[in-house]
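From first to last, the protein sequence lines stand for chains A and B.
Going by the numbering used here, the first residue of the first sequence is number 1, and it counts up by one from there.
Going by the numbering used here, the first residue of the second sequence is number 1, and it counts up by one from there.
Derived from the structure by calculation, the hints contain no laboratory data.
Every clue listed holds true.
Which copy is meant is left open, because identical chains are indistinguishable; a pair holds if it fits in one copy or across any two.
Derived DSS-like pairs: lysine-lysine, alpha-carbon spacing no greater than 30 Å straight-line:
id, residue 1, residue 2
1, LYS241, LYS295
2, LYS252, LYS241
3, LYS241, LYS333
4, LYS72, LYS271
All of these numbers come straight from a predicted model, not from anything done at the bench.
Protein chains: 2
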Amino acid sequence: MSTNDTSVGLVRAEHADFETPLDLASGSQLPAYTLVYETYGTLNPDGRNAILICHALSGHHHVAGRYREDDKAAGWWDNMVGPGKPIDTRRFFVVGVNNLGGCHGSTGPSSINPTTGVPWGSSFPVVTVPDWVTAQARLADRLGIDRWAAVIGGSLGGMQALQWAINHPQRVAHALVIASAPRLSAQNIAFNDVARQAILTDPDFHGGDFYAQGMVPRRGLRLARMLGHITYLSDDGMGEKFGRMLRSGEYKFGYDVEFEIESYLRYQGDKFSDYFDANTYLLMTKALDYFDPAKDYGGDLVAALQRATANFLVASFTSDWRFSPERSRELVKALIAADRHVVYGEIESVHGHDAFLMTDPPYVDLMRTYLARVAEEVNA
Amino acid sequence: MSTNDTSVGLVRAEHADFETPLDLASGSQLPAYTLVYETYGTLNPDGRNAILICHALSGHHHVAGRYREDDKAAGWWDNMVGPGKPIDTRRFFVVGVNNLGGCHGSTGPSSINPTTGVPWGSSFPVVTVPDWVTAQARLADRLGIDRWAAVIGGSLGGMQALQWAINHPQRVAHALVIASAPRLSAQNIAFNDVARQAILTDPDFHGGDFYAQGMVPRRGLRLARMLGHITYLSDDGMGEKFGRMLRSGEYKFGYDVEFEIESYLRYQGDKFSDYFDANTYLLMTKALDYFDPAKDYGGDLVAALQRATANFLVASFTSDWRFSPERSRELVKALIAADRHVVYGEIESVHGHDAFLMTDPPYVDLMRTYLARVAEEVNA
Chain A
1 MSTNDTSVGL VRAEHADFET PLDLASGSQL PAYTLVYETY GTLNPDGRNA ILICHALSGH
61 HHVAGRYRED DKAAGWWDNM VGPGKPIDTR RFFVVGVNNL GGCHGSTGPS SINPTTGVPW
121 GSSFPVVTVP DWVTAQARLA DRLGIDRWAA VIGGSLGGMQ ALQWAINHPQ RVAHALVIAS
181 APRLSAQNIA FNDVARQAIL TDPDFHGGDF YAQGMVPRRG LRLARMLGHI TYLSDDGMGE
241 KFGRMLRSGE YKFGYDVEFE IESYLRYQGD KFSDYFDANT YLLMTKALDY FDPAKDYGGD
301 LVAALQRATA NFLVASFTSD WRFSPERSRE LVKALIAADR HVVYGEIESV HGHDAFLMTD
361 PPYVDLMRTY LARVAEEVNA
Chain B
1 MSTNDTSVGL VRAEHADFET PLDLASGSQL PAYTLVYETY GTLNPDGRNA ILICHALSGH
61 HHVAGRYRED DKAAGWWDNM VGPGKPIDTR RFFVVGVNNL GGCHGSTGPS SINPTTGVPW
121 GSSFPVVTVP DWVTAQARLA DRLGIDRWAA VIGGSLGGMQ ALQWAINHPQ RVAHALVIAS
181 APRLSAQNIA FNDVARQAIL TDPDFHGGDF YAQGMVPRRG LRLARMLGHI TYLSDDGMGE
241 KFGRMLRSGE YKFGYDVEFE IESYLRYQGD KFSDYFDANT YLLMTKALDY FDPAKDYGGD
301 LVAALQRATA NFLVASFTSD WRFSPERSRE LVKALIAADR HVVYGEIESV HGHDAFLMTD
361 PPYVDLMRTY LARVAEEVNA
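Sequences and hints are given; from them, build the entire structure.
Pasting the structure below:
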């Protein structure tokens, strides 16, 4: 099978406008909103073969394929989604959606607030994982999908899959929760707070209303992204890839870029600050911090999970220290205690948290095998 | 023994001025400089009972005791240094010194450059661990200390102890290298680079010459320190101390301080930015990045260590992920391969990298036992 045969090919983004107000966890209300999404494959007449892909902190709806033949990069999970790939678009109807508060087309802080005629900025409400699930459920209604064959996500995306299974048990057959956690640790929150403080204290942030000033808090976004990248990679993986390599081979005794790892991080930070919205970054990290499905059940994760009826695939990666295997095992133990059906894969990988986006063969095999079974159910 | 009996009591800082130029690893030269230092205990007539304490990134010469009876805090290692304590000032003459480039009294970027009459700022040369050792050796000469009974340090301080043993084998009887590493990993350098970028891109940094502007790059220093603190604590320790505790008990749906861990980090960052010099922070992190004693020996750490004649105590802490036990074991293996005498302690602790400043009983016991033996040698 050539590369082309395994690509969903040319795709385009769709927009869904919602006029019914959305009540948010914060108590605020979003009067109307737009979700941008993409779909690949064909929905069966019975509507039972749909898969929802939920994105992580900096992800979006463009999961697979290309907009134009000459696009340099395909969608962010193109290695997992396509004909013959683990999330096989010959069998599944796959939906990718940009979450509310995002900066890739769905209503967010950089969108124009119709009431004021200027970008929402600081007045955009904080949204949470349960809010996203509610908005995604409305999109499912719009698309004629009563029940997802699977809801799948890595990292913050895995949290959405978990929340779907708890909040809409009848609508989720399988939840695939990858490189995720049932809630953040103090260390996770701490890293998020440093990133937020970098943005909030950037003089160009202007309290979140930098759009009107024609400015972008680039310094803060850059630092947030640099720090993020450290936590996405493993110590060993970073050592293998960069070690102590110097760009010029010798010490320069100054503060310009010198080690290869510095060059990599600064490049990633610069690139990110060119396109990502600072308010979206704040909001996404806050959604991470707040995520805690046990909270509504007196802190009892088992009680929360007893609401779910889905089958679960939980997967973690040995070198992931942002959401370590220990956090996934915590979830698996709670699922077992709740008498839910769960398959758990702890995958040897040097790729750290980023492994969920990559193609370590045992990971691809696990996804392929699990989803082949889901496909059989759908066509049974 | 009451607390007072184990304190060195009231102390005062001394200054040593050096007029002989110091040639630095960078190729620059420091024409003259001052080192601020403190001493506790009494030097034996044979000068054989002296111990040098080397400080870490944000440390200084004020190791033990108080300047005034009503000082709230004692020196930074007061729990380890004093009469009856592991570094027993009834037996040892203990020297603490602020390193060149520091901001606590020794010549550094915030000192007045006598040639220009204004603070050195960006023109202060980058100094390295070997440079510090050379400057400390001159201080030892001044104090009449030919050979240290021990050179002791944690973290960056441990690197100085190691460098002393390699560069001045005849002058070091014991080197105590605690919570340290023979060189930084890519991840270590990456964290340092984010901290440096936070300072370098703070608009108030003014290329390092902020003194003249009457400004301090407070935002950058604050972020650097917040990030630093995350790496000093362990995930578990942070979880035990802060967990997901909220200051007000409920989510606020905004970006003000909310979780206890946020409050802790911001407080630490604010406090630090009030007194620490930004150029010193840059310089100290660069000294960390550059430290690599194997480099002068074709990358062969064993060859570097064969220069040393000291006995070594290497200690690490199980939950330290900034300089993990693995890094200490790397050093121990090289010491064994170099046929050096080494005692290694891997200490169970939840306190992360900070454990080297704390009093986990197995750590205190190890230090006490090891140094009691050193004291016997001195008085033999």
